[in-house]
Amino acid sequence: MKFLRRLVSVLMSIALASACFINGMAANEYYEFKLRNTDTSYNVYTGSSNLKSYAADSATVNATYNIAPGWGFAFCLKHSTSAGYITDTVTSPGQWLSGTGTIHPPYLSGHNVVNRYYYIAARIDNDYTGEYGVRGVFNSDYTNP
Amino acid sequence: MVRNRKIENVLVTIVCFFVFATACNKDPLPDSAYPTEVDSNETEQIDISTSSSEDSAVLDLLEYPTVFNTSVNSGGVNISYNAQVHCESINNLTQVTLDTDEDAVSRIHEVYSEGDFVATRPDILGHIGYFVINWDLNGSGSDIEHHWDRHYISETIALGMNQTPLEAATALADELESYTCLELEPRVVLSLNDESQNRGYYEISYEASYNDIPLIEMNYTNYNTGEVGSTYYLSARICPEGVFDINGMLAYCVFEEVPYEGLLTFEQAISNFEENIDSLCYSENVIVNEISIGYYPVLGDDELVLKPVLVFDCIDRIEEGGTAYDSTLIVLYNLQTGELENVGY
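Quick note, the sequences are listed as chains A and B, same order.
First residue of the first sequence: 1, per the numbering used here; consecutive thereafter.
First residue of the second sequence: 1001, per the numbering used here; consecutive thereafter.
Only chain A is shown next, with the shape it has when bound in the complex (with noise of 0.2 angstroms):
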């Protein structure tokens, strides 16, 4: 009994010390848009990135600031190639934000690579021709910002 309580003791001890060396996920990166109509195009904000630390993690947006009308602004991620951007999330449904919140768009299949490092990408419901602002931050991994 009491070498199963010692083992208990050790075991836990050990899970403890793991805990503390998982690493955090990146921390959120910070993004605006400030967007007219651009049909079914996404444009890409490239004044920051975020490196992917978890594969089975689906991606975070959130926003806490958004004026867009109808649907809101719709978000994807994508990745810098020597060709362009790729899209790395789903957009088909369209991962759409309207008001503030958070939303967790997927990966899709085979686009979750670790140590990439993705760019937020944007558009405005296109039944909508002004001109509309969106802020907050964004993962590469899930997140509760």
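A portion of the hints provided could be inaccurate.
[Stated by the list, open to error] Okay, the calculated beta carbon distance ranges per label pair:
no.	chain 1	residue 1	chain 2	residue 2	range
1	A	A83	B	D1174	38 to 44 angstroms
2	B	G1226	A	A55	41 to 47 angstroms
3	B	E1256	A	D127	28 to 34 angstroms
4	A	W96	B	A1171	40 to 46 angstroms
5	A	D127	B	P1065	21 to 27 angstroms
6	A	S41	B	E1063	17 to 23 angstroms
7	A	S82	B	Q1084	40 to 46 angstroms
8	A	I86	B	T1337	34 to 40 angstroms
9	B	Y1282	A	S41	15 to 21 angstroms
Derived from the structure by calculation, the hints contain no laboratory data.
Ideal Cβ positions, reconstructed from N, Cα and C, are used throughout, including at glycine.
Based on these hints, arrange chain B on the given structure of chain A.
Chain B in isolation, oriented as in the chain A frame:
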């Protein structure tokens, strides 16, 4: 034969004298740079290293006010000028071309060998990407909304940190300045805590300037390329173990610096702005808060040109569903040609 040689020597001397005299009399700057009443013999090309108000006195100095308050309607847009005008150095501007400082890049590699040193943006000259995955933290909190402030320095000491946000940001700025020809100042410093790891960190956005003139920081949308770009950015994150993230435009040396004659008068600048505003703003109400000079960083294939511009820092007040939203609008004019350089937010 001897007499011919003497005549030849006299002729050569006369020709040399005329060539020399013409060279001495040659104007180094175009006529338009000089006031008409100034004797051309008194004019000299400005030496950048010793440029002072006395040197510039021979040029037509631009005179800008220090405040500008008025209201006008232009093209259906109500413009309220409630502007501080910061253009004191307008007659001492130079145009600067920067190049990547390869020596600085090597030194950064040596000092920051702890982490994964990655060139996240090889397409941006002088870009540094450094990240220590093992020290990575992810914080949240109300401080995050201050990221978009023009200036904000948190006073909250983050978990595990032994320096205030300002102390940590200033110490790192001093160090980073040894890798660049730019001056760096903390512009926004957030204090964030990662509760899951019981550790905190500071998140810093730096403002860069050259000869005390700030580099313009703004985002702009290029609808031709579908890119939303940033003119300049440099950020860092510091946790109790040290710096775990540096990202942005840092490793620069001066490649070329040439005198720059600002020719845009204040009156002409205002006229250009009012002529363009209805195509630049979205709303019908624009408030101009500040007019200043700055360097607009223009990225080329192998150079970064710091172009002197006049900056109109405005609010575009958008009414949507009965609610007013203030949207930032930044308009840049070339100080030499008066042409619109870019529009951002």
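Quick check: does the Cβ-Cβ distance between A:S41 and B:E1063 fall within 17 to 23 angstroms?
At 46 angstroms between Cβs, range violated.
Within 38 to 44 angstroms: is that where the Cβ-Cβ distance between A:A83 and B:D1174 falls?
holds, 41 angstroms
So does B:Y1282 sit 15 to 21 angstroms from A:S41, Cβ to Cβ?
Once the Cβ atoms are compared, 20 angstroms apart, the range 15 to 21 angstroms for A:S41 and B:Y1282 holds.
Distance restraint hint 40 to 46 angstroms, applied to the beta-carbon atoms of A:S82 and B:Q1084
This hint holds: roughly 45 angstroms between Cβ atoms.
Is 40 to 46 angstroms right for how far apart the beta carbons of A:W96 and B:A1171 are?
holds, 43 angstroms
Verdict for A:I86, B:T1337 (Cβ pair) under range 34 to 40 angstroms
holds, 39 angstroms
Given the hint of 21 to 27 angstroms, check if A:D127 and B:P1065 actually sit that far apart at their C-beta atoms.
Cβ of A:D127 to Cβ of B:P1065: about 45 angstroms, so the range 21 to 27 angstroms is violated.
Using the Cβ atoms, figure out if B:E1256 sits within 28 to 34 angstroms of A:D127.
Since the Cβ atoms of B:E1256 and A:D127 sit about 50 angstroms apart, the hinted range of 28 to 34 angstroms is violated.
Between B:G1226 and A:A55, does the C-beta distance stay in 41 to 47 angstroms?
Violated, at about 28 angstroms.
Going down the numbered hints, you'll see the structure goes against 2, 3, 5, 6, while the others check out.
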